[in-house]
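Sequences listed follow chains H and A, in order. Here the first sequence is numbered in the numbering used here, starting from 1 and rising by one per residue. Here the second sequence is numbered in the numbering used here, starting from 1001 and rising by one per residue.
Keep in mind that the hints were calculated from the coordinates and are not lab data. There could be a bad hint or two in this list.
[To be verified] What follows is a set of in silico ranges between Cβ atoms, one per label pair, in the way DEER data are often shown: (1) H:S281 with A:A1082: 53 to 63 Å; (2) H:I208 with A:G1142: 24 to 34 Å; (3) A:D1029 with H:A327: 40 to 50 Å; (4) A:E1098 with H:W193: 44 to 54 Å; (5) A:G1146 with H:L326: 45 to 55 Å; (6) A:D1029 with H:P271: 48 to 58 Å; (7) H:I208 with A:K1104: 18 to 28 Å; (8) A:G1146 with H:E23: 20 to 30 Å; (9) H:G234 with A:T1014: 54 to 64 Å.
Just so you know, even glycine gets a beta-carbon here, dropped at the ideal spot from N, CA and C.
Here's the letter readout for the chains.
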Amino acid sequence: MSNLNLGSLYQLTSIRFRLLFREPEAIFWIFVFPILLAGGLGIAFRNRPPDVLPVAATTPQLTQALAADKGLRATTMDEQTGAHALATGTILLLAIPEPGGVAYRYDDTNPDARSARLLVDRALQAAAGQRDAMHADNQLIHETGSRYIDFVIPGLLGMNLMGSAIWGLGFSIVESRQKKLLKRLVASPMPRWQYLSSFLLSRLVMLIVEVAAFLGFARLAFGVPFRGSLWQLGILCVLTSLSFSALGLLISSRARTMEAASGLMNLVMLPMWIFSGVFFSASRFPAIIQPFVHALPLTAANDAFRANMLQGVGLDQLGVPVAILLAWLIAPFAVALRIFRWR
Amino acid sequence: MTLAAKPSGKGTFTGPSLLLRGLKKAFADVQAVDGLDLEVVQGECFGLLGPNGAGKTTTIEICEGLTEADEGTVEVLGLNWATGAGELRQRIGIQLQETQFPEKLTVEETLRLFRSFFHHGIPIEESIRTSELEEKRHSRVGGLSGGQKQRLAMACALVGDPELLFLDEPTTGLDPQARRHLWDVVDQLKQGGRTIILTTHYMDEAERLCDRVAIMDHGHVIALGSPQQLIASIGGEDIVEFAVSQGPAGAHEPVRGVVDPATLTVIPGVQSHRVDAALHQLSVSELHTTVPRIFAALAAEGLHLSEFRTHSATLEDVFVRLTGRNLRDE
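If we strip away everything but chain H, and leave its shape as in the complex, we get (with noise of 0.2 Å):
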């Protein structure tokens, strides 16, 4: 027919809002989930004041010097006591006089303990007359941008787009084609490319609510910092989101029953939750994997949301992440539309 009709494809979009908004359970896991999580991990990893180091003396000589260092709480206990404590990891390190100097007794595989070992040995070479060869300065700094809250919240950004883009097309698209609401609507004259657009509309149109909600209350409540441009963030998003679209439409193009469609998004986002370095550095798994690390998108987006946020990299600089995003949205779309069954 000539005439474009539009008015079809704003009827499937706008239906695709009523239907998610009238499903409470869709409304939290979009919105409310990601900020739950966010909230928590960043109030369980917030910085803290450097510890103060627990270690003990078993004279109150010894004891006295220790208590000069500001790092260290040191009291005093009886070498069987101190041996208990030890054991149990009340204190870090029991320092025990020896004829001619200091014995130190502390766990070397434990990273406090072997600061600890380093302050008690400062304190008690001062207090026996050694002093520095030259002088140092401490300049503090405690920058935003470093902290883990810093690190996570881009992560939580891939996922959360991820997850919305693949379970919201999969499960409405499973769902009609097993209530045969699909096959009722091929047969009649709606245009096929119009109902697949309604659903990346719409995600569009949700992706813009749901990343200000998330960056938003990420920047009110742990001041995460943006140091890249905000449109070029806002480009990635949308690439991101759509990438994940093209793969949650290839899950759903054949699957016939929600029980199928949720093994298999489960299948393909499995990995994606435990490589893509969410929650910890990517950098961590063996070299060997890297390759097939650094080819899932959602690698891809974490690595380029990151490089955005805390670097202020551009986007002229981040050719591969994009690059891998785009081959993740043209390859799936393509076999998604060539497999699609519509009944």
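On the provided structure of chain H, position chain A as indicated by the hints.
Chain A in isolation, oriented as in the chain H frame:
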């Protein structure tokens, strides 16, 4: 405009609304449709009848352009699906078996969605009124009764003001009142001169609604004609059903008796005989003179009637006669 109004389609085409020639379709190793020829003229209400698995739905879905035939030609409103799909979709209305509309949309939203697909059609108000869903227009689909859902499905099939309407088992699963309501809607559509093709396995529905029916079994048409013609074709206008017992009437636990069919078929007026689960079925003309003769013949054999009833012959009896099976035997 009402349902009874003429569809506002072009109306220049005067050939058959539907033309099927040599239609074949197999699924895996099942030949669902096996060489089907049909012609449905404009303004006709045509019924495809048969038990479940007879190939009705496959046939109608091929006509609707949802399934591709393995062999044969399909012409709908003078067009075919390969080249005229876009126009055909605009001009036909379809109700499928077991479509579940999204439960969280309202009646009005659902209709608005379907209306938006058609270039021409009837206003939403009109469609809500004719399907008698005014009180439910803002209710969610999930809260509708079976009959209301079916009326909504019908309304969705009609929003495009179709010249040709396909209804696949429109009343299956409905209570009697809802069925009758739907029949009224179909009556109005017929008055409007729309062509209607419906499938059903209720023979009474076909008799009530259809100008002509094709009875299908195993992918073939086994009988074609108006309900009256088909009923007349089995030779008797009435059906007599009875069971007999040996021994005195009224005995406890009567033994079901055996009748030699030959003693029945020689009775003037008895056209045919068959036994199903010890229930004898005779197709009979001249009921008033034939029945006394049957009584006399049974009494002469020393048999007592434990059951006896008669009814006017129906399409159901035609099917039984043609296939030797009841419709719901499957």
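Comparing the hints with the structure gives:
{"no.": "1", "hint": "H:S281 with A:A1082: 53 to 63 Å", "verdict": "holds (56 Å)"}
{"no.": "2", "hint": "H:I208 with A:G1142: 24 to 34 Å", "verdict": "holds (30 Å)"}
{"no.": "3", "hint": "A:D1029 with H:A327: 40 to 50 Å", "verdict": "holds (42 Å)"}
{"no.": "4", "hint": "A:E1098 with H:W193: 44 to 54 Å", "verdict": "violated (26 Å)"}
{"no.": "5", "hint": "A:G1146 with H:L326: 45 to 55 Å", "verdict": "holds (49 Å)"}
{"no.": "6", "hint": "A:D1029 with H:P271: 48 to 58 Å", "verdict": "violated (40 Å)"}
{"no.": "7", "hint": "H:I208 with A:K1104: 18 to 28 Å", "verdict": "holds (23 Å)"}
{"no.": "8", "hint": "A:G1146 with H:E23: 20 to 30 Å", "verdict": "holds (24 Å)"}
{"no.": "9", "hint": "H:G234 with A:T1014: 54 to 64 Å", "verdict": "holds (59 Å)"}
Checked against the numbered hints above, the structure violates hints 4 and 6; every other hint is satisfied.
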